[in-house]
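Listed below are the residues making up each chain.
2 protein chains.
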Amino acid sequence: MKKILFSVMMLAALSAAAQQRNNIVPSFEGAVEDFKPNITNQLGRQYPMVNSQGAVRAQLRAPQANAVRLDIGGRKYEMVKDDQGVWTGTSAPQDVGFHYYQLEVDGASVPDPGTVYFFGAGRWGSGIEIPSEDMDFWQVKNVPQGSIVEKYYWSKATESMRHCYIYLPAEYDKNPGKRYPVLYLQHGNAENEQGWSAQGHTGQILDNLIAAGKAVPFIVVMDYGQGQNIHLVGQYADMLPKPQPGQRANNDGFQVVLLTDIIPMVEREYRVIADAQHRAMAGLSMGGGQTRRITLANPTKFAYVGMFSGGVMSIEDIQGAAGFKETNKVVFMSSGSKENPRVMEAAESLRSIGVNAVGYVSEGTAHEWHTWRRSLYQFAQILFK
Amino acid sequence: MKKILFSVMMLAALSAAAQQRNNIVPSFEGAVEDFKPNITNQLGRQYPMVNSQGAVRAQLRAPQANAVRLDIGGRKYEMVKDDQGVWTGTSAPQDVGFHYYQLEVDGASVPDPGTVYFFGAGRWGSGIEIPSEDMDFWQVKNVPQGSIVEKYYWSKATESMRHCYIYLPAEYDKNPGKRYPVLYLQHGNAENEQGWSAQGHTGQILDNLIAAGKAVPFIVVMDYGQGQNIHLVGQYADMLPKPQPGQRANNDGFQVVLLTDIIPMVEREYRVIADAQHRAMAGLSMGGGQTRRITLANPTKFAYVGMFSGGVMSIEDIQGAAGFKETNKVVFMSSGSKENPRVMEAAESLRSIGVNAVGYVSEGTAHEWHTWRRSLYQFAQILFK
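Keeping their order, the protein sequence lines are chains D and B.
The numbers in the first sequence follow our numbering, run straight up by one, and end at 536.
The numbers in the second sequence follow our numbering, run straight up by one, and end at 536.
Read the hints as simulated data drawn from the structure, not as lab findings.
Note that CB positions come from ideal geometry on N, CA and C, so glycine has one too.
Among these hints, one or two may not hold up.
Just the calculated beta-carbon pair ranges, DEER-fashion [as the list claims (entries may be wrong)]:
#1 B:V231 / D:G236: 20 to 26 Å
#2 D:P295 / B:P327: 17 to 23 Å
#3 B:A341 / D:K536: 46 to 52 Å
#4 D:N507 / B:D287: 50 to 56 Å
#5 D:V291 / B:K536: 35 to 41 Å
#6 D:W305 / B:D389: 48 to 54 Å
#7 B:D389 / D:N293: 21 to 27 Å
#8 D:K536 / B:P327: 24 to 30 Å
Could you build all of it, start to finish, from the sequences and the hints given here?
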């Protein structure tokens, strides 16, 4: 009997240790009961819901399941089954903005059938929006509407058809004689070319700004930049920048594709002003790092540079890139206030050598899409002016 | 003891009956072992797979699950767990073409995390492609590429922003002085405005046909037509056609939205030839039925009519719609050979009164997207010539 009791205790202890290791926690108990359906739910679905604290409540019918969990923000919240076989669970409050998440059903990690799906965290899966007070600027409104163009094009550097999305402002089709500036805008790690239009609401942000007269009309090109999935061929494989002493080897094939294929395609197929003063690059997180490297390595090609939660440029960076300072109109560096940002001091430092550097801290937000929507909203208003 | 045995037997019988009722069947045993990853899998995912017979093999890691099933084609195939907690199951051979499906984990119906997601069967969820011998015509090729434009627009009839996709041929941006004919192309029941570009590969079909000189360049408008989700307001709610004696009440708000909002928006925002001789309508399944009703109710508005697995027009239909015959250039009616089609005799019948009716039977296909891709491929070659 003692042996059995000991075994049961050992198993319980092991199980608790496993739970801790897997970040399994109970359903959040302190939720205010003002939950509303999440705005990225599938048509007609009530769950998942979000409350005024930013807590997420998921629900799934799984009558024969042993354990169902809500997997969000690095934790797995235990859901509880009712007598109809419906499991319900609530997360602790999440940061405002957009979060990737999934459900775990008896060890299987699956999308929540309640939401529409987004590409992020390296997979197509569920996403949820924790409402913020300033969501208005990215809503679809009855203002002149631009369009998001889905485009395939031939890439010499990869010998394959590549795929991108291009925002054209509302007036583009009405002014066949007019040419426009272009922003090349990149996603983060484990996201893809659809991120900026789907999660980022680029189209709505630009349409609303342009309609309000706060931004000049420009084109936005959103392409796929995940280096390890860009397979350069032939001479193009040799074009990757060699790492500087102390740097990691650079596997960033996106730089080659951008210069070899994307920019020439855009300047051939669309009515753009094809000079540095009308060419901007920006990106979020990994895309901000790519923006930093690519614009410093091509210092006379882009007059506008934006890094959203994607690091900063230093005086040494710019002084080491001949022609960058003379070409540059704006270096924009932003970060969520919850990210421990250095962007304001980095901007101040750059201004001391005469660079028009702008720092922006997104109040109350973390390393997620609401920080980046706000960053685009700010950056767009100073572009090409 | 007898009572217990009786109870156990009763339970077993009830359980077997429940399985039959839910169409639960064993994993298919006769599969040829030449499975390859499905072409709509997420990047890097091996499963689901499809073999040369059209059987589907799914796999899911769910170590604590009691039962995992592959739910496809109206049946649920039992999957089997290995000692790593990975479940594998195989369906019977499926018809060639595109199929919506899901996995069932302990009673929870969830998307397969292996695939990208499509809207159909009333939800965003998994889809799989059973390869056919003639897939070439809808592949992305290195030919001049048109684009799929995502567009929001204000709808007076619903007092809301609506959402559509518009195919523009490759030459559209290069010919600012040229105007183009337009095909209004509708999805089926429980699908949406993305179906024709995502599952239907409209962009690829048209790009490839136009590049080969087999179709003239035209615009395709793909909008959302699910009647019960179109909420007309004010005077527009009264514009729905009244049912004829013997007909069901018609809840098809799409007709009002098409005429009030969609066609005027397209003719205002794009360079189109805005007359009946350069205006076509077609649809699949429910969208074919809508095409039939809308073109008969507006007999001088559309010169080209296509019904893909969407019924047929009769001599009486056309004789009852004053001006239809004089306006019409083509009535195209198609069906998969597995759908018990009447399209060939219906076309013959219409030809007897002088209508240029074309019947098309898609060999070896059923009521799914490969029938409709082939139908578009055929229809596009006779449009606007």
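Here is how each hint holds up against the structure:
For the hinted restraint 20 to 26 Å between V231 of chain B and G236 of chain D, the CB-CB distance of approximately 23 Å keeps it satisfied. A hinted range of 17 to 23 Å holds for the C-beta pair P295 of chain D and P327 of chain B, which are about 19 Å apart. For A341 of chain B and K536 of chain D, the Cβ-Cβ distance of about 48 Å falls inside the hinted range of 46 to 52 Å, so the restraint holds. Take N507 of chain D and D287 of chain B: their Cβ atoms lie about 53 Å apart, and the range 50 to 56 Å holds.
Checking the proposed 35 to 41 Å range against V291 of chain D and K536 of chain B shows it holds: the Cβ atoms sit about 38 Å from each other. Distance hint check: the CB atoms of W305 of chain D and D389 of chain B are about 52 Å apart, consistent with the given range 48 to 54 Å. Judged by the Cβ atoms, the range 21 to 27 Å given for D389 of chain B and N293 of chain D holds: they are separated by roughly 24 Å. One distance hint, 24 to 30 Å for the beta-carbon pair K536 of chain D and P327 of chain B, holds here, with the actual separation near 27 Å.
Of the numbered hints given earlier, the model fails none.
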